[in-house]
Amino acid sequence: MEIETLSGSEILIQSFSRFSPVWIALAVTLVVGFLFRAKLGTFGRLYGSPIGLAGAMIVLFWVFTAILSDLVAPMGGRDVAFLMKKAPLGGIDPQSGIAFLWGGDNLGRDVFSRVVHGSQVVLIIAPAATLIAYMVGITLGLPAGYYTGRIDALLSFLANLVLAFPVILLFYLLVTPEIRELQYDTWLLGWLGVGWSIPRAMAAFFFLFPIIFLLILWFTKYEKNQQRLMLYGAVTMVVGFWIYFGIAFGWEPAIGSVPLNLSLDPNELNVFAAVVFASSPGVFRIVRGLTMDIKTRDYVAAAQTRGERPWYIMLWEILPNARGPLIVDLCLRIGYTTILLGTLGFFGLGLEPESPDWGSMINHGRQFVRLAETAHMALFPALALMMLVLGLNLMADGLREESLKD
Amino acid sequence: MFLFILRRFGTILLTMLCLTLVVFYMVNLDANLEKLAKTQGSMRMTDEQVASWLDNNGYSGGMLTRYGEWLGVVPGWRKEVDGEITGKCIKKGMAPEEAAAYCGVLQGDFGYSLRLQKPVGEVLPQYLGYTGILMFWVMVVMVPGALIIGVLAGMREGSGLDRSLSVASIASTSAPEYVTGIVFTVIFASSLGILKGIASTRSITIENFTLPVMTMAIYGIGYIARMTRASMAEVMTSQYIRTARLKGLEFRQVVLKHALRNALIAPFTVIMLQFPWLLTGVVIVESMFNYKGFGWLLVRAAENNDIDLLLACSCVAVVVVLLTQLISDIGYAYLNPRIRVS
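In the order they appear, the protein sequences are chains L and D. According to the working numbering, the first sequence is numbered sequentially starting from 1. According to the working numbering, the second sequence is numbered sequentially starting from 1001.
Bound conformation, chain D alone (with noise of 0.2 Å):
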């Protein structure tokens, strides 16, 4: 067990190596670096201009030598401009001979963002604050649906309740964020004027929650009451159920008891591989309901190729994708006694 869990972080280590690269070089890209350089200087400066901003700000050196400075394991760039030594590694208001030679993710310096002017280590942890907060409602509100919804369809498989509760979560599945979040603003925001089709960060109340939460919860819950329904549908016309059932128990009893446990290994898995899913449904809402948290800093990352932002939301994302991809793995080995991990 030990083992597999250590191979899989060396996995999961070398998966982020060449997937940070990958971004870093198309970050990187000459035409990428140029937008930057008139975004940051200005919209109208010449070839030569836009070579020397590039220059005097570290942007100028072989891309792998700078995949090494932003990793920590090459030591950061310094140049001296007009008499004034400037540096990946050296801050504002620093003396040059203060500042460490290396600054990289290894040190635990995510670098600093040009958009928001700030130290990417400051500013990511507390927009992802806010990410959490919504996707613990959405949780709240999915998983239990899903499974209640999954049992119910499962339990008496071909029956009318089986066949309408499966048809609504097919069309639940069908309905991307964008689909219901619009629908829902239409209906409960524009029409109605319930609830309220902007979320705000500072305030967390039922009016502004409603709505994000329900969009990004109606996508996910189709599939995971499907993968209930199937597994729950299994577990049913199992032997042992059989033998509940013909020993006279109550079809209540023998559901609660003797079906349910089993039934949820299988969506335990789903729950946890659906968090991927929801990285790109939090990005879609986030940046519809105009909520301040991971996807919409990642959608400005993007839009302004702020590159150290970008990067580090990256590491964010694939480290959540493949961290739940090991908890899934651990977790359905715990859950199911019949496989064991070796």
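One chain only, chain L, in its complex shape (with noise of 0.2 Å):
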């Protein structure tokens, strides 16, 4: 049966048209953003930088094409219409009438509903996994930096040891699906009824860090108002293992009848324990170098003659000082994890392969691509891609260049 097809100019019409609920949330942020730029901080200043405020853009428009993907796909990113297999770019579905505007896959889904759903995937695992690499790194890195000596061979010896790991040999070594059988070997863990595989074992160990830096934080700060710190310190403490037994250990709490459940996929929590394990030492390492140079700043000196403990003087003096270059290298990073996890799609590993993520959609794909009419499948996740990785750097870039100009 002939599929009808759009002209190329109503495919290029229509991708735009179908990002509208995105367009008016950005055009509305850019505005709100202009209006209150001078209270944003850091991020106010991007104004001033045209590159940085387009990466800033491309991100935010990747953003909100994750949270109003509903929206935007005519489509789910799993469904399937059985006349578009390998349908050309701007097919129509005779079907439901819904225009493929990048072409159907070889199974007949959208291409561009599921870059669109692919999104939520991406946005959710790369910056949560910055950001808990970037907690374990900054409690390992402070006291590093600060103290050296030899919690700071062992640390950087540890880091090092990562570091030389290639990282495709590490994620071929940690996300097979061998890796995901639990064991009961010990008699604790079979009276426990708990499992325990090297994923499970590397998140227990790495989501630790969050809770142990909050906690910190607090400690420290409030140490003389018992009240407020009691009252941190529990909320910490309740949301914190929620999250955390949740996660790890795939605990599955319900008040009544409504669940109250976290649990991620073991797939999914293989990758991000992988994703956390390779990035966190080199956040070490930044963090340990910026605290060595800080250190020896005069105001770091006066709060240790008035007596401030260690970690009050890292988390209070140092880490806010160091804000500048972290958060530039925050946006790096995010882009970073994000090629990252296009590695690890690309090479089957990790998410299941009926996910729309973009690297399993490139890694999919790419048998095809040889063929021009084919090409689409690997092509749009790849550009989707990398244009959300080049709104990143740019943006650090931008942010990087304001900060120079103090």
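Hints are computed from structural coordinates only; laboratory data are not their basis. Just so it is clear, the structure is predicted and the values come from calculations on it, not from any experiment. Each residue gets a CB set at the ideal place from its N, CA and C atoms; glycine is no exception. Don't take every hint at face value.
Said to hold, decoys possible - List time: in silico DSSO-like cross-link candidates among lysine-lysine, alpha-carbon distance up to 30 Å:
{"id": "1", "chain 1": "D", "residue 1": "Lys-1196", "chain 2": "L", "residue 2": "Lys-85"}
{"id": "2", "chain 1": "L", "residue 1": "Lys-295", "chain 2": "L", "residue 2": "Lys-221"}
{"id": "3", "chain 1": "L", "residue 1": "Lys-86", "chain 2": "D", "residue 2": "Lys-1118"}
As the list claims (entries may be wrong) - If you anchor each label on the Cβ, the simulated ranges turn out as follows:
{"id": "4", "chain 1": "L", "residue 1": "Asp-293", "chain 2": "D", "residue 2": "Gly-1160", "range": "30 to 36 Å"}
{"id": "5", "chain 1": "L", "residue 1": "Asp-293", "chain 2": "D", "residue 2": "Lys-1118", "range": "50 to 56 Å"}
{"id": "6", "chain 1": "D", "residue 1": "Leu-1064", "chain 2": "L", "residue 2": "Pro-320", "range": "45 to 51 Å"}
{"id": "7", "chain 1": "L", "residue 1": "Ala-27", "chain 2": "D", "residue 2": "Ala-1333", "range": "27 to 33 Å"}
{"id": "8", "chain 1": "D", "residue 1": "Leu-1014", "chain 2": "L", "residue 2": "Glu-252", "range": "41 to 47 Å"}
{"id": "9", "chain 1": "L", "residue 1": "Glu-223", "chain 2": "D", "residue 2": "Glu-1234", "range": "40 to 46 Å"}
{"id": "10", "chain 1": "L", "residue 1": "Ala-302", "chain 2": "D", "residue 2": "Leu-1013", "range": "43 to 49 Å"}
{"id": "11", "chain 1": "L", "residue 1": "Leu-158", "chain 2": "D", "residue 2": "Leu-1064", "range": "18 to 24 Å"}
{"id": "12", "chain 1": "L", "residue 1": "Gly-76", "chain 2": "D", "residue 2": "Lys-1118", "range": "44 to 50 Å"}
{"id": "13", "chain 1": "D", "residue 1": "Gly-1331", "chain 2": "L", "residue 2": "Phe-157", "range": "20 to 26 Å"}
{"id": "14", "chain 1": "D", "residue 1": "Trp-1277", "chain 2": "L", "residue 2": "Pro-320", "range": "39 to 45 Å"}
{"id": "15", "chain 1": "D", "residue 1": "Leu-1014", "chain 2": "L", "residue 2": "Gln-226", "range": "45 to 51 Å"}
{"id": "16", "chain 1": "L", "residue 1": "Glu-4", "chain 2": "D", "residue 2": "Ile-1206", "range": "53 to 59 Å"}
Unchecked claim - Below, a sample of chain L positions facing chain D; criterion: calculated Cβ distance under 8 Å:
{"id": "17", "residue": "Ala-25"}
{"id": "18", "residue": "Val-28"}
{"id": "19", "residue": "Leu-161"}
{"id": "20", "residue": "Val-167"}
{"id": "21", "residue": "Ile-168"}
{"id": "22", "residue": "Ala-372"}
{"id": "23", "residue": "Met-386"}
{"id": "24", "residue": "Asn-393"}
{"id": "25", "residue": "Asp-397"}
Join the two chains into one complex using the hints; note that each chain is given alone, in its own frame.
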């Protein structure tokens, strides 16, 4: 059966108009941001740099696409239209009348919808994994840079160990289906009924750091204000451990019949833990270097003379003063994590093959790339991924330029 | 200086020991060994058959003992099955009495690849050679290209040329190999049909090689160019450049004779540190263009849990990473007279 197709210009116009909710959201953000730019701190200064602003807009474009994906995409990420297998660009599905602007893949799924839904996967995992890597890197990097000596030597050796590992090999070893099998080999695990696997152990270790970090943060700040300390500490513990046990151990609590579970699928947990593991040593090195530099400043000496505790100095004197380079690095690192996720997808590791994340789509479509008629399957997710990373890099560049102006 | 290098070599050895132990542990997880047994024997093996296969092929000993065997500090295993003696050090067609007691990495024996059915020591250099050829061409394209872009951009900071080159280099660092590879293949191979989307190790022609080389070079060019630009811009604001300009020297002369040499110190380290990145790139590009080099081998080894091959591959990878770090440190001290290693 012949499939009717739209013309080239119609594809362009429709591709643009389908994103209209995103365009509106972008315009609102741009205007509101401009009005309050003075109060936005570092990000408000992006208005001074056209390149940085362009980057921020690209990033926001994908953020809004992820949030509004159900409005933008005409179909679900896994929906199949049987007549649309390998449909060309702009093909119209005779059954539903939906135009497949960016063509259909070999299973008859709409590439446009999949790319849009895929932004959700990428924009949840990449920033979340990077943030956790940041918590780990900060919690370990601050003492290493502040105390130096043995702690530093040990932690640096471990960080270099991970960094010397070729990323790709690391992923091949860490993200295989075999490694996810739970083991109950000691009596304690058998008695508790909690199996362990390497990804789970890694998640259990790394995801503890955000909680530790926040607890130390509250403790050092509100040491003399017991009530506040109790309140903040309690909230952090309750929320933190609820998320922690949900994510790392698949705990599924419920109040009555209302499920409160946050558990991840074993695949996702595996990818998450591997990405955090691969990027925390880099953060550690940066934080350590910055701490060593800032430690010699006068205000740190003043705090030491006042008799402040070391952790107070690290978290409330050194860390806020390192925020400029750290924010820039955060942007770059989220981009790099996105690339890593894509690499994982490219080798078919990690997320299940059905998932509409960009890496898996590229992997899925690359076998069809050598024919011009089917090349779109891999091309569009690849371009989307590149756009997001480009936006993050441009934004980082703009932020760096602006921070150098002081 | 000598002591410094010696100490660094000590760290390298320690790092390698730790890393190979980690890799060894991961590839020898129960689930992985079961998979290995099933791919080597048959998929329908029962648990007992798997256990006996593992036992007969020397996978049943303790993890540390077997790591020692692989390393060559513990005698290789020997077993008598149905009156026939087999063992780690007993090659096919060799009498058990002639075989050496130890055969590990320290004795120069990297083991046997079950997937390729050949000794690892024989396979690896061949594949590494092919990757070497690819890397050579990548370097030939990447290094001069990146340095020229960086110097041009950093020469006049803030100029139009600088802005456009900077954005271009940011764009190139944002495009990982699997993106550029696909975009290039679609444009040059699928649509225009000028170049080939597959690279062969047998014939190295422009048609075959352009796409993989360009794909790998583009990702690195942006990064090196940005470093060169930063270093060039810094040099151009220094006192001696201003003096040279005030003396009335031509701008060209100042850039080529005074600025360039000092501006190229920082990029040197960056280029050396780029090798580990290229390693990941090699794996992606080689699987994408089906070029049978080291990266291709690594993927095959990892997918089939080919223990000896995977261990050897990781050794090579780790050595590359650590050696380039060492070279970049030494080179930096050598190029920059203000820094002394001690």
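Structure-based check of each hint:
1. With a C-alpha separation of about 26 Å, the suggested pair Lys-1196(D) and Lys-85(L) falls inside the 30 Å cut-off, and the hint holds.
2. The hinted pair formed by Lys-295(L) and Lys-221(L) meets the criterion: a straight-line CA distance of about 19 Å does not exceed 30 Å.
3. Proposed proximity of Lys-86(L) and Lys-1118(D) is contradicted: the alpha carbons are some 41 Å apart, above 30 Å.
4. Range check, Asp-293(L) to Gly-1160(D): Cβ separation about 34 Å, and the 30 to 36 Å hint holds.
5. For the hinted restraint 50 to 56 Å between Asp-293(L) and Lys-1118(D), the CB-CB distance of approximately 52 Å keeps it satisfied.
6. At roughly 47 Å, the beta-carbon separation of Leu-1064(D) and Pro-320(L) lies within the given 45 to 51 Å, and the hint holds.
7. Here the CB-CB span from Ala-27(L) to Ala-1333(D) is close to 54 Å, at odds with the stated 27 to 33 Å.
8. Remark: the range hint 41 to 47 Å for Leu-1014(D) to Glu-252(L) is upheld by a beta-carbon distance near 43 Å.
9. Under the hint 40 to 46 Å, the C-beta atoms of Glu-223(L) and Glu-1234(D), about 44 Å apart, fit the expected range.
10. Between Ala-302(L) and Leu-1013(D) the C-beta distance comes to about 45 Å, which sits within the given range of 43 to 49 Å.
11. Here the CB-CB span from Leu-158(L) to Leu-1064(D) is close to 21 Å, well matched to the stated 18 to 24 Å.
12. Between Gly-76(L) and Lys-1118(D) the beta carbons are some 48 Å apart, a value that agrees with the proposed interval 44 to 50 Å.
13. Separation of Gly-1331(D) from Phe-157(L) is about 23 Å and conforms to the stated range, judged on CB atoms against 20 to 26 Å.
14. Between Trp-1277(D) and Pro-320(L) the beta carbons are some 32 Å apart, a value that contradicts the proposed interval 39 to 45 Å.
15. The hint said 45 to 51 Å for the Cβ distance between Leu-1014(D) and Gln-226(L), and at roughly 47 Å that hint holds.
16. Taking the beta carbon of each, Glu-4(L) and Ile-1206(D) are about 42 Å apart, not inside 53 to 59 Å as hinted.
17. For Ala-25(L), the interface hint is violated, the least distance from its beta-carbon to any beta-carbon of chain D being 23 Å, above 8 Å.
18. Checking Val-28(L) against chain D by beta carbon gives a least distance of about 27 Å; that is not within 8 Å, so the hint is violated.
19. Of the supplied interface hints, the one on Leu-161(L) holds, with its beta-carbon coming within about 6 Å of a beta-carbon of chain D, less than 8 Å.
20. With its C-beta approaching chain D no nearer than about 5 Å, Val-167(L) sits inside the 8 Å limit, and its interface hint holds.
21. Annotation: Ile-168(L) was flagged as interfacial toward chain D, and the flag holds, the nearest CB pair being 5 Å apart, inside 8 Å.
22. Taken as an interface hint, Ala-372(L) checks out: its beta carbon lies about 4 Å from the nearest beta carbon of chain D, inside 8 Å.
23. The criterion of a C-beta within 8 Å of any C-beta in chain D is met by Met-386(L), whose closest approach is roughly 5 Å, and the hint holds.
24. At a threshold of 8 Å, the smallest CB-CB gap from Asn-393(L) to chain D is about 5 Å, leaving the interface hint in force.
25. The interface hint given for Asp-397(L) holds, since its Cβ lies 6 Å from the closest Cβ of chain D, which is under the 8 Å cut-off.
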